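Based on the sequences and whatever the hints tell you, model everything.
Next come the chains, spelled out residue by residue.
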Amino acid sequence: MISPPSQTVLALQDVSLAFGGLQAVERVSLAVNRGMVKAIIGPNGAGKTTLFHLVSGLLTPQRGRVILNGEEIQGLPAHAIAMRGVARTFQLVQLFDHMTVLENAMVGRHRLSRAGLLAGALQLPWTRAEERVIRTKAMEALEFVGLDSRAHQSAAVLPLGLKRMLEMARALAAAPTLLLLDEPASGLDGAETGKLQEMILGLKERGLTVLLVEHDMGLTMEVADEIAVLNYGRLIADGPPRAVQKNPEVIAAYLGTDWQA
Amino acid sequence: MPIFAPLSQYFISGLTNGAIYALIALGFGIIFNSTTIINFAQGEFVMLGAMCAISIYHLVPSLPLAFAGGVIIVSLVGLVFERLALRPVGEASPLTLIIITVGAGVFLKGVAMLLWGKESYTLPPFSGEAPLHLGPATLLPQNLWVLGLTLVLVLALEAFFRRTLMGKAMRACAYNPRAARLVGIPASRMVQLSFALSALLGAGAGILIAPLTLGVYDMGTILGLKGFAAAIIGGLGSLLGGVLGGLLLGLAESFTSGLISSGYKDAVAFLLLLVVLFLRPRGLLGGRQ
Amino acid sequence: MILARLWNRWVLFALVVLAILVGLDNEYYFTLLNFVGIHTLLVVGLNLLVGYAGQISLGHAAFFGLGAYTSGILTATCGVNPWLALLAGLAVSGGAAFLIGVPALKLRGYYLAMATLGFGIIVSIILSQAQPLTGGPSGLSGIPPLTLAGFPLNTARRLYPLIWLAVGLILALSANLVDSRAGRALRALNDSEAAAASLGVNTARLKLKIFVWSALYASLAGSLYAHSLNFIAPASFGFMFSIKLVAMVVLGGMASIWGSLLGAGVLTVLPEALSVFHDFEVVIFGAILMVVMIFLPRGLVRGLLDLWEFRRYKRKGSFVP
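Protein chains in written order, with the working numbering: chain Y, 1 to 261; chain W, 1 to 289; chain P, 1 to 321.
Fair warning: there could be bad hints in the mix.
Here are a few chain W residues that face chain P, going by a calculated C-beta distance under 7 angstroms [stated by the list, open to error]:
#, residue
1, V89
2, G90
3, K109
4, V111
5, A130
6, L277
7, F278
Stretch by stretch, here's where chain P covers chain W in the computed footprint (C-beta under 8 angstroms, at least three residues) [what the hints assert, rightly or not]:
#, region
8, 188-198
9, 222-234
Keep in mind the hints are simulated off the structure, nothing from the lab.
Predicted model, so just to flag it, every value in this text is computed and none were measured.
Beta carbons are placed, not taken as given, at the ideal position from N, Cα and C, and that holds for glycine.
Below you can see the structure in the form of structure tokens.
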């Protein structure tokens, strides 16, 4: 589990955040290595989404450090962290409802393109060339998730399963080095979850580093190389799935959940 | 001591205007607390109160009747406004709601222009025009009416919110609408009540100030905007904040007008507003939004 | 594909503008059309801010006024070349937008509305009070006309092609903008600021940029206005005009570039055409704001189209186009 530093895409060291009297995240330290799929699990309210917000920049830790590819990023605004190659999906889908499926994916390409207000207004030759690249890459991302046939539909009218796929495509269009998936299986049926599983494994094959928060144990066990378990904001286990599964503290925290031994 | 005379004049007129701004600010606060809507038409309630009272007085020269009539009519207007313009949109975006209430204000102003034309009208002072002398200061009886009635209204409001069941129900709605509904408080009734109450306060303010400043169809716009500035300065969620904001604004305006320049008097309210918005948006006494 | 459609619209636009120039010979109508053009410039800018970026501005008339007065003062009082004065106006308006935008755009919803409102009122009070500079409430007169290579544009008919050329350019620039990377980022931040930020959009800076951008359009309109009337007064740049602009945006349809032209056109021509109903102008503006926002929030054209499609759906039972 200990790898040379260049292999660590994301490291959290002693990260803590409290909301008023509630300690949402308490001295959490973990690492995600390149090409790994790591899952964060835990009961509701354990602090998983808060942790995501701390990594993606929507929240700032009160203590501790968040290190992305060797650079400390805690305290940076969300857009700055995104520019450094972090892309994410949201627990409650946050699509751009007033745009088409394709346009949503094209926004994903924002960080890798340059045209500003003036260039966009003037439609200079280099801007038009860049726009073609954006469109191509966005379509590739849509093809990967199977939404290319719906490119010109309004994003608002998609069913939930496809909305999650679109959010994924949008994040992928950003060609991230770290992909954060916040409960991607939430609201999906069995078939859709299966497709999601294939997709995540496919991304891993392409060398993408994935950090995901999930409740669906079946999916987690299938895709995760390592699992970190949070309970009441604290990390209670961190390791390969089998080891975590047998951890008595984890079992205690999860009383009532079905575990496939 | 010659310096005290003008200073005390500024003080008196500042307090008087401040009391009016306070009433208008309270109107904003009440609606905001129960619906998180900012009612940009509030100023027109003030104007309508004054104009209705004036018209009633021309028909029947009785000030109490004119006051009561004006207040009742405008409260009804407030209810109708809520029912027709705001209820249909339900949970709309702030942008939508702002445009609707702004539109309503403009509409009411237009209606007033059609009904009363562009002339100014007078309402006689409640108890005569003989100036009173209080030390170095000279005040009109109307100033006392404004301050006195404002105090009464504010205390009544305070008692209503703290002591009566309905008032407590309204506060409950403001804190947590869902929970309030779950314990059986009819949220829509509370909303209606808040609009009626707001319109009532606005109308009262208009009738109180009319003897001092004349009633005209476009008096509401700037009063409403200043009242809103006062509400923001004092803090939207707080009753005391509205009062404080209003009084502070009135005094700041009055002293600026007297000591610096009367032309820029109107700008004071908006300068203070910008300062508060940029430095401390929740206002002097406002809690966390 | 989109290019083909746009090409037709622009050609049509140019043809109509030219046809009117050649066919019409009535100074009053040209004056009216010039106003429509000036208002369109204002409305397009405001629409980018309100309709696309989802920000609120109840004080847009201030930038109009800053452009008009900078042009007016520099040309009438200081004898500066009108074109240079126009550029100066852009700098003044843009600068003011930048200064007020930095703190104001950190606010949301109502707070932003009040900040822009407060700013607008302060500007109109200053325009009225700074008598030695601005001529006070009675206004500033003697503003010279614009000249093109020595040829003075001192009649409405002469100004018409210039104004409508500006309108055409601004419409084209804005339509391009909306469909570009920056335009998508703008629309994205309106729909979900968190998601936009998570994709690298610097939302604070973008809001500021579009705010300044819209102020520049307004300033251009103001300068053209000053040189078309040769006289300006503070009353034209107050709160009520800011509200009229919002009404034009709302009527034409938020987030519709061509809708801006419609909204500006209807609400400029109608009060003139129905001057018999002049007293009703205020009531009608208020009613438009309320009725459109309550029943046709997407604006007149789209709202009616939606209604028509809905009727057709009810009759046929499907959305078959």
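Hints and how they fare:
no.: 1; hint: V89; result: holds (6 angstroms)
no.: 2; hint: G90; result: violated (11 angstroms)
no.: 3; hint: K109; result: holds (6 angstroms)
no.: 4; hint: V111; result: holds (6 angstroms)
no.: 5; hint: A130; result: violated (35 angstroms)
no.: 6; hint: L277; result: holds (5 angstroms)
no.: 7; hint: F278; result: holds (4 angstroms)
no.: 8; hint: 188-198; result: violated (count 0)
no.: 9; hint: 222-234; result: holds (count 4)
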